[in-house]
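A.B. asks: All chains should be built: construct the whole structure from the sequences, respecting the hints.
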Amino acid sequence: MKDKELLKLVKQAKNYDSKAFGLLYEQFVSKVYNYIYYRTGSFIEAEDLTAQTFLKAFDAIGKFDGQKASFPTWLIRIANNLTIDYFRLKGRRPEVPIEYACENCDDCNLEETVLINAMSDRVKGLISGLTDEQQQVMILKFNLHFTNNEIAKAMGKTEGSIKSLQHRALSKIRKILEEEDG
Amino acid sequence: MDNKLENALENCITLIRNREEGIDDCLARYPNLRKSLEPLLRAALAVDEVLPEISPSMEFKKSFGAKLDAMVEDKRKKFVLPRKASRKRIPPCVSAAATKCFNNGVCNCLYLCCLRCGNDGCIRQQSSRQLTLPGKESS
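Each protein sequence line maps, in turn, to chains D and C. The opening residue of the first sequence carries number 13 in the numbering used here; numbering runs sequentially from there. The opening residue of the second sequence carries number 4 in the numbering used here; numbering runs sequentially from there.
Just so you know, these hints were derived from the structure itself, not from any lab. A virtual CB, placed ideally from N, CA and C, is assigned to each residue, including glycine. Just to be clear, a hint being listed does not mean it is correct.
Calculated cross-link-like contacts (lysine to any residue; reagent style SDA-like; alpha-carbon spacing at most 20 Å) [said to hold, decoys possible]: (1) D/Lys23 x D/Gly34; (2) D/Lys26 x D/Glu57; (3) D/Lys31 x D/Gly74; (4) D/Lys68 x D/Ser82; (5) C/Lys64 x D/Ala32; (6) D/Lys23 x C/Asp77; (7) D/Lys14 x D/Glu162; (8) C/Lys64 x D/Phe70; (9) D/Lys102 x D/Asn92; (10) C/Lys65 x D/Leu67; (11) C/Lys78 x D/Ala63; (12) C/Lys64 x D/Glu57; (13) C/Lys64 x D/Lys187; (14) D/Lys14 x D/His157; (15) D/Lys169 x D/Ala81; (16) C/Lys65 x D/Leu35; (17) C/Lys80 x D/Gln24; (18) C/Lys78 x D/Ala72; (19) C/Lys78 x D/Val22; (20) D/Lys187 x C/Asp77; (21) C/Lys78 x D/Phe70; (22) D/Lys31 x C/Lys78; (23) D/Lys75 x D/Gln64; (24) D/Lys31 x D/Phe76; (25) D/Lys102 x D/Thr143; (26) C/Lys38 x D/Asp29; (27) C/Lys38 x C/Ile19; (28) D/Lys75 x C/Met74; (29) D/Lys23 x C/Lys65; (30) C/Lys80 x D/Ser42; (31) C/Lys70 x D/Gly34; (32) C/Lys65 x D/Asp29; (33) D/Lys68 x D/Asp97; (34) D/Lys80 x D/Lys169; (35) D/Lys43 x D/Asp144.
Where chain D lies over chain C, by a calculated footprint (3+ residues, C-beta under 8 Å) [said to hold, decoys possible]: (36) 47-61; (37) 75-81.
Short derived list, chain D residues pointing at chain C, Cβ under 10 Å [stated by the list, open to error]: (38) Asn27; (39) Asp29; (40) Glu38.
C.D. replies: Printed below as a string of structure tokens:
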């Protein structure tokens with residue numbers, strides 16, 4: 013979706029246009045869900061926090077300023093704040109305890125389920141050793157395909173600090189890969 | 004990480020992701036940086052592989068989408084429709100009458116001002132015109 017179309021939809025959604033808000037939901041629900049899933053490692057929490065993100069976005073859409081951030085960046089910031097609250101309530105640091113995808117549910121794509129299950133251990137191995145902020149950068153960069161500028165806005169940091177976080181994260185992963193190779 | 008290496012890494016990730024180039028083609032673009040770029044690029048591609056895009060269940064998407072839709076519609080009825088309706092409810096004739104009434108009110112105010120501040124010649128002239136009865140005009 014082009015930026016112009018997106019801003020038009022957001023403007024309509026600000027006037028409580030249910031069709032516009034529905035289209036925004038359709039467009040971004042997967043991104044928010046993916047971000048929360050890889051942060052919490054739980055499908056149930058991903059659904060719950062995704063729902064909360066859109067409810068918050070709906071309440072606060074009047075305050076959204078397209079000059080300060082793009083709509084997906086703004087949504088991810090809401091999702092991130094909710095994820096932080098979730099970890100605070102749980103009283104633990106996020107550690108990506110990736111949950112295995114169900115194999116019996118009717119609406120799951122079998123191919124996708126097999127792929128997720130195969131990747132789960134690998135994700136644990138590569139990502140769980142990173143700090144919380146490094147994990148966030150990796151998810152935003154490699155799953156959501158955000159640019160460094162977008163990541164900086166979503167995390168409330170400078171582009172320079174994102175580059176530095178990315179470098180340290182990739183260096184850690186490189187070491188893990190080297191150890192695996194022997 | 005220096006800027007050259009960072010930019011090379013960004014460029015290679017984009018090119019490989021878009022399937023425009025393979026890893027070796029991309030490394031060949033940066034022979035001076037190859038030694039430090041290659042391990043970082045391989046690490047980046049490993050992360051790219053372990054974070055595939057997943058979809059929320061259709062059941063969740065549909066049920067929460069419907070709930071959200073109902074909430075938006077509810078809020079629209081509460082905040083947007085009443086404002087529009089109240090604007091439409093006033094017919095033009097009522098609006099014209101209200102304007103006339105307002106204008107008369109302004110005239111009455113001026114008249115009262117004239118009675119109180121009789122020293123101003125301009126206002127006295129206006130007030131005397133208003134007080135004069137037909138057929139009994141002053142000379």
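A.B. asks: Indicate, hint by hint, whether the structure satisfies it.
C.D. replies: Here is what the structure says about each hint:
1. As the CA atoms of D/Lys23 and D/Gly34 are separated by approximately 13 Å, the hinted pair is consistent with the 20 Å bound.
2. A hinted pair counts as satisfied when its Cα atoms are at most 20 Å apart, and D/Lys26 with D/Glu57 does not qualify at roughly 28 Å.
3. Between D/Lys31 and D/Gly74, the direct Cα distance comes to roughly 16 Å. Compliance with the 20 Å bound is thereby established for this hinted pair.
4. Simply put, D/Lys68 and D/Ser82 have alpha-carbon atoms about 16 Å apart, close enough for the 20 Å limit, and the pair holds.
5. Using a Cα cut-off of 20 Å, the hinted pair C/Lys64 and D/Ala32 holds, with the two alpha carbons roughly 16 Å apart.
6. For the hint pairing D/Lys23 with C/Asp77, the CA-to-CA distance comes to about 18 Å; that is within 20 Å, so the pair holds.
7. With a C-alpha separation of about 16 Å, the suggested pairing of D/Lys14 with D/Glu162 holds against the 20 Å cut-off.
8. In summary, the hint linking C/Lys64 to D/Phe70 is supported, as the alpha carbons are separated by about 16 Å, within the 20 Å threshold.
9. Using a Cα cut-off of 20 Å, the hinted pair D/Lys102 and D/Asn92 holds, with the two alpha carbons roughly 15 Å apart.
10. Taking the CA atoms of C/Lys65 and D/Leu67, the gap is about 15 Å. The hint holds against a cut of 20 Å.
11. Restraint check for C/Lys78 and D/Ala63: the C-alpha separation of about 18 Å stays at or below 20 Å, so the hint holds.
12. Straight-line distance between C-alpha atoms of C/Lys64 and D/Glu57 comes to about 14 Å, which keeps the hinted pair within the 20 Å bound.
13. A hinted pair counts as satisfied when its Cα atoms are at most 20 Å apart, and C/Lys64 with D/Lys187 does not qualify at roughly 39 Å.
14. Restraint check: the Cα-Cα separation between D/Lys14 and D/His157 comes to about 16 Å, which is no more than 20 Å; the hinted pair holds.
15. Restraint check for D/Lys169 and D/Ala81: the C-alpha separation of about 13 Å stays at or below 20 Å, so the hint holds.
16. Straight-line distance between C-alpha atoms of C/Lys65 and D/Leu35 comes to about 13 Å, which keeps the hinted pair within the 20 Å bound.
17. A distance of roughly 15 Å separates the Cα atoms of C/Lys80 and D/Gln24; the hinted pair therefore holds under the 20 Å criterion.
18. The straight-line distance between the Cα atoms of C/Lys78 and D/Ala72 is roughly 13 Å, inside the 20 Å bound, and the hint therefore holds.
19. With a CA separation close to 16 Å, the supplied pair C/Lys78 and D/Val22 stays within the 20 Å bound.
20. Annotation: proposed proximity of D/Lys187 to C/Asp77 is violated, straight-line Cα distance about 54 Å (limit 20 Å).
21. Distance check on the hinted pair: C/Lys78 and D/Phe70 sit about 10 Å apart at the alpha-carbon level, within 20 Å; holds.
22. For the hint linking D/Lys31 to C/Lys78, the alpha-carbon distance of about 13 Å falls within 20 Å, and the restraint holds.
23. Between D/Lys75 and D/Gln64, the direct Cα distance comes to roughly 17 Å. Compliance with the 20 Å bound is thereby established for this hinted pair.
24. Simply put, D/Lys31 and D/Phe76 have alpha-carbon atoms about 18 Å apart, close enough for the 20 Å limit, and the pair holds.
25. For the hint linking D/Lys102 to D/Thr143, the alpha-carbon distance of about 18 Å falls within 20 Å, and the restraint holds.
26. As the CA atoms of C/Lys38 and D/Asp29 are separated by approximately 54 Å, the hinted pair breaks the 20 Å bound.
27. Our distance criterion of 20 Å between C-alpha atoms is met by C/Lys38 and C/Ile19, whose separation comes to about 18 Å.
28. Simply put, D/Lys75 and C/Met74 have alpha-carbon atoms about 18 Å apart, close enough for the 20 Å limit, and the pair holds.
29. Our distance criterion of 20 Å between C-alpha atoms is broken by D/Lys23 and C/Lys65, whose separation comes to about 24 Å.
30. Proximity of C/Lys80 to D/Ser42 is assessed by CA-CA distance (about 29 Å); at most 20 Å being required, the pair is judged violated.
31. Restraint check: the Cα-Cα separation between C/Lys70 and D/Gly34 comes to about 10 Å, which is no more than 20 Å; the hinted pair holds.
32. Under the criterion of a C-alpha separation no larger than 20 Å, the hint pairing C/Lys65 with D/Asp29 is consistent with the structure, at around 18 Å.
33. Restraint check for D/Lys68 and D/Asp97: satisfied, since their Cα atoms lie roughly 14 Å apart, inside the 20 Å limit.
34. Among the hinted pairs, D/Lys80 with D/Lys169 is consistent with the structure: their alpha-carbon atoms are about 13 Å apart, no more than 20 Å.
35. This hinted pair checks out: D/Lys43 and D/Asp144 have alpha carbons roughly 19 Å apart, not beyond 20 Å.
36. For the stretch 47-61 of chain C, the stated coverage by chain D holds: 14 residues have a C-beta nearer than 8 Å to a C-beta of that chain, and at least 3 were required.
37. With 4 residues having a Cβ less than 8 Å from any Cβ of chain D, the stretch 75-81 of chain C passes the three-residue criterion, so the hint holds.
38. For D/Asn27, the interface hint holds, since its Cβ comes within 10 Å of a Cβ in chain C; the closest pair sits about 6 Å apart.
39. With a cut of 10 Å, the hint placing D/Asp29 at the interface with chain C holds, because the nearest CB-to-CB distance is about 7 Å.
40. A least Cβ separation of about 7 Å between D/Glu38 and chain C falls short of the 10 Å threshold, and the interface hint therefore holds.
Hint check: violations occur at hints 2, 13, 20, 26, 29 and 30; the rest are consistent with the structure.
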